[in-house]
Amino acid sequence: MKNLLILPIVIPLLSAGLSLIAWKSLRLQRILALLGAGALMVAATCLFISVYTDGIQVIQVGNWPPPFGITLIADLLSSIMVVLTALVGLAVAVYSLADIDEQKISFGYFPLFQVLLTGVCGAFLTGDLFNLYVWFEVMLMASFVLLVLGGEPTQLEGGIKYVTLNLLSSVSFLTAVGILYAVAHTLNMADLSLKLTNIAQTHPTLILCVSSFFIIGFGIKAGIFPLYFWLPASYHTPPAATSALFAGLLTKVGVYALIRIFTLVFPRMTYTYTLLLALAGLTMLIGVLGAFAQVEIRRILSFHIISQIGYMIMGLGLLASNNPAARLLAIAAAVFYISHHIIVKTNLFLISGTVKALRGTYQLRRLGGLAVSSPWLAILFLIPALSLAGMPPLSGFWAKLAMIKAGLQAEQYLVVAAALAAGLLTLMSMIKIWVEAFWKPAPEGNPREGSRSNQTLTPRRLLLLLGPSIVFAGLTVAIGLQPQLLFNLAERAAAQLLDSSAYTQAVLAMGQAPLQPINISLGAMP
Amino acid sequence: MFFLLSFVVGGLFAAGLYLMLRRSIVKLIFGLVLLSHAANLLIFTAGGLVRARPPLIPPGKLLPGTEIADPVPQALILTAIVISFAVIAFAAVLVQRVYRSVGSGDVDELKATDI
Chain X
1 MKNLLILPIV
11 IPLLSAGLSL
21 IAWKSLRLQR
31 ILALLGAGAL
41 MVAATCLFIS
51 VYTDGIQVIQ
61 VGNWPPPFGI
71 TLIADLLSSI
81 MVVLTALVGL
91 AVAVYSLADI
101 DEQKISFGYF
111 PLFQVLLTGV
121 CGAFLTGDLF
131 NLYVWFEVML
141 MASFVLLVLG
151 GEPTQLEGGI
161 KYVTLNLLSS
171 VSFLTAVGIL
181 YAVAHTLNMA
191 DLSLKLTNIA
201 QTHPTLILCV
211 SSFFIIGFGI
221 KAGIFPLYFW
231 LPASYHTPPA
241 ATSALFAGLL
251 TKVGVYALIR
261 IFTLVFPRMT
271 YTYTLLLALA
281 GLTMLIGVLG
291 AFAQVEIRRI
301 LSFHIISQIG
311 YMIMGLGLLA
321 SNNPAARLLA
331 IAAAVFYISH
341 HIIVKTNLFL
351 ISGTVKALRG
361 TYQLRRLGGL
371 AVSSPWLAIL
381 FLIPALSLAG
391 MPPLSGFWAK
401 LAMIKAGLQA
411 EQYLVVAAAL
421 AAGLLTLMSM
431 IKIWVEAFWK
441 PAPEGNPREG
451 SRSNQTLTPR
461 RLLLLLGPSI
471 VFAGLTVAIG
481 LQPQLLFNLA
491 ERAAAQLLDS
501 SAYTQAVLAM
511 GQAPLQPINI
521 SLGAMP
Chain Y
1 MFFLLSFVVG
11 GLFAAGLYLM
21 LRRSIVKLIF
31 GLVLLSHAAN
41 LLIFTAGGLV
51 RARPPLIPPG
61 KLLPGTEIAD
71 PVPQALILTA
81 IVISFAVIAF
91 AAVLVQRVYR
101 SVGSGDVDEL
111 KATDI
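Those sequence lines, one after another, are chains X and Y.
The first sequence begins at 1 in the numbering used here and counts up by one.
The second sequence begins at 1 in the numbering used here and counts up by one.
Take these hints with a grain of salt, some might be off.
As the list claims (entries may be wrong) - Here are a few chain X residues that sit away from chain Y, every Cβ distance over 10 Å (derived from the structure):
1) M141
2) P324
3) K356
4) L414
5) V477
6) T504
As the list claims (entries may be wrong) - When the alpha-carbon atoms are kept at most 25 Å apart in a straight line, the in silico SDA-like pairs for lysine to any residue are as follows:
7) Y:K27 to X:A293
8) Y:K61 to X:A417
9) X:K440 to X:L289
10) X:K356 to X:T456
11) Y:K27 to X:P153
12) X:K161 to Y:V72
13) X:K161 to Y:T66
14) X:K161 to Y:V26
15) Y:K111 to X:K195
16) Y:K27 to X:V145
17) X:K432 to X:R365
18) X:K161 to Y:K61
19) Y:K111 to X:E152
20) Y:K111 to X:A293
21) X:K195 to X:T274
22) X:K195 to X:D499
23) X:K161 to Y:P58
24) X:K195 to X:W64
25) X:K161 to Y:Y18
26) X:K356 to X:L382
27) Y:K111 to X:D499
28) X:K2 to Y:V26
29) X:K195 to Y:V72
30) X:K161 to Y:V87
31) Y:K27 to X:T456
32) X:K24 to Y:F90
33) X:K161 to Y:R23
34) Y:K111 to X:R365
Note that these hints are calculated values from the structure, not bench results.
Cβ coordinates follow ideal geometry from the N, Cα and C atoms, glycine included.
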């Protein structure tokens, strides 16, 4: 069924619309959110299965012949990302039932949540560069409002920083799109992929300039080294459910876009890959060092997002290598890393929210004694925390192992050393949270914050808070015990990414009807 | 015309970035506005400047006869203008709320998220 491709965009949009109609009934909005997220999960899984068995799926929207209309396309990477989006969406929808208060729901939390999922899925599925920009904006606009929903002073201030830098990134992206259209007269990614090979021969500096605009634009969104400042300034301000959603998905859309652009659209340019590799190494180290200075759980976790993004970008940067086996392994490792990271990071943010629900604070100084009062939560935290640091046999170990192996094959020893050091420092940072929040005795004083006893949560609320974490922890362990399954998948996705001929053929071979070329002026382009 | 507009685009980018680097949050908004104008004008200019030849097909024909203006950059800009309009409107409200909650329009006062 070809129209499967459009469902991951239509389903959340539809449930957003229905939630708006059900504006007054919070109960109905909750049910719609669950139904929408569940349906998205089903559609995403079906899409993944059909891409896995039948190969790349393409739709030309409005039946315009390519490359004139907008193309929607799902290859393995896109469909994996859509499945992960649906998984995070479902988990956060369940978690929101317990975490988001009635006031925020009555201001439209659930419609915004669904629009955010629409934007993320759209960004993963589009095959058109300008359409990617539009999906980015859909996603950003929803995230802007979600971030400041509730209107706490810290949220508003975090919102200013987030909005400003993300708009700057959009402008950079739009500029790059404009220049690219001027040189190639197309924005269809598959078409660009074919045309830029020639243009890169004739205008190498122009292509380099455009690619740096893309690095700035997507780099801000992904949170790579000199461009990440909005992230730790804003991710710890909204409610836990919102920050888990952001932490799991938004930066990864930036990483996905970088991978897509620099494997498909631009021809191989050793210079940009080397630049990305250097940035990756710095991102890992600066992120993890930034986390050391922090004493608030979610700020620590935010800095670790940055550090982990470095590992994913490292996979892209290793494409500079001349060894094809190393290139394949690097991209496979990046895909594996993204999948593992989305699961683990969302889970850590969800658990930090549960800690807050139990103790009323994120400040490590005021926390303590949770290992005694809620040992199950302590274990639940340890699984993703150790996985993030790369302890065997959890998923993060295999992700780091594959990435470091790729680095060694590509003979980039410096960045491998950075990756190993960042892994060790991540472990120290995770142990710091564990010791401070769970192990040390609870501090005396404030009866509400950091008291020995937990705040009483009803069993139903506790189940809603912990259910998603338990599922994610189970997935982390499962990937850790059977890494080969996911890794084979990642390797297939990487092979598709590195050989773009299947992608371009899937897009351009459709509707072969050769159109008369219209004589469009190139204007005064020098 | 091409060179004139190129300099206008460059000037808008420079002015936008300069305003964003100032400490006033109102100037921050103006900076964002100028930047999005700069990007739109850049698409327009780079997409090719053609005077008074709209992309219309004369009646009874299947193709436009002479050279025509490329309609795609204009469509892109139209979309981008609508998006930036919405985003700037949101940012303006946000700035106003921040000003009320902090009591100051100085970006350096926004330190509550750093604790």
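Tested hints:
no.: 1; hint: M141; verdict: violated, 7 Å
no.: 2; hint: P324; verdict: holds, 36 Å
no.: 3; hint: K356; verdict: holds, 16 Å
no.: 4; hint: L414; verdict: holds, 32 Å
no.: 5; hint: V477; verdict: holds, 35 Å
no.: 6; hint: T504; verdict: holds, 20 Å
no.: 7; hint: Y:K27 to X:A293; verdict: violated, 32 Å
no.: 8; hint: Y:K61 to X:A417; verdict: violated, 66 Å
no.: 9; hint: X:K440 to X:L289; verdict: holds, 23 Å
no.: 10; hint: X:K356 to X:T456; verdict: holds, 12 Å
no.: 11; hint: Y:K27 to X:P153; verdict: holds, 21 Å
no.: 12; hint: X:K161 to Y:V72; verdict: violated, 33 Å
no.: 13; hint: X:K161 to Y:T66; verdict: violated, 49 Å
no.: 14; hint: X:K161 to Y:V26; verdict: holds, 14 Å
no.: 15; hint: Y:K111 to X:K195; verdict: violated, 48 Å
no.: 16; hint: Y:K27 to X:V145; verdict: holds, 22 Å
no.: 17; hint: X:K432 to X:R365; verdict: holds, 11 Å
no.: 18; hint: X:K161 to Y:K61; verdict: violated, 54 Å
no.: 19; hint: Y:K111 to X:E152; verdict: holds, 14 Å
no.: 20; hint: Y:K111 to X:A293; verdict: holds, 16 Å
no.: 21; hint: X:K195 to X:T274; verdict: holds, 23 Å
no.: 22; hint: X:K195 to X:D499; verdict: holds, 16 Å
no.: 23; hint: X:K161 to Y:P58; verdict: violated, 51 Å
no.: 24; hint: X:K195 to X:W64; verdict: holds, 20 Å
no.: 25; hint: X:K161 to Y:Y18; verdict: holds, 17 Å
no.: 26; hint: X:K356 to X:L382; verdict: holds, 17 Å
no.: 27; hint: Y:K111 to X:D499; verdict: violated, 48 Å
no.: 28; hint: X:K2 to Y:V26; verdict: violated, 49 Å
no.: 29; hint: X:K195 to Y:V72; verdict: holds, 18 Å
no.: 30; hint: X:K161 to Y:V87; verdict: holds, 14 Å
no.: 31; hint: Y:K27 to X:T456; verdict: violated, 48 Å
no.: 32; hint: X:K24 to Y:F90; verdict: holds, 24 Å
no.: 33; hint: X:K161 to Y:R23; verdict: holds, 13 Å
no.: 34; hint: Y:K111 to X:R365; verdict: holds, 20 Å
Hint check: violations occur at hints 1, 7, 8, 12, 13, 15, 18, 23, 27, 28, 31; the rest are consistent with the structure.
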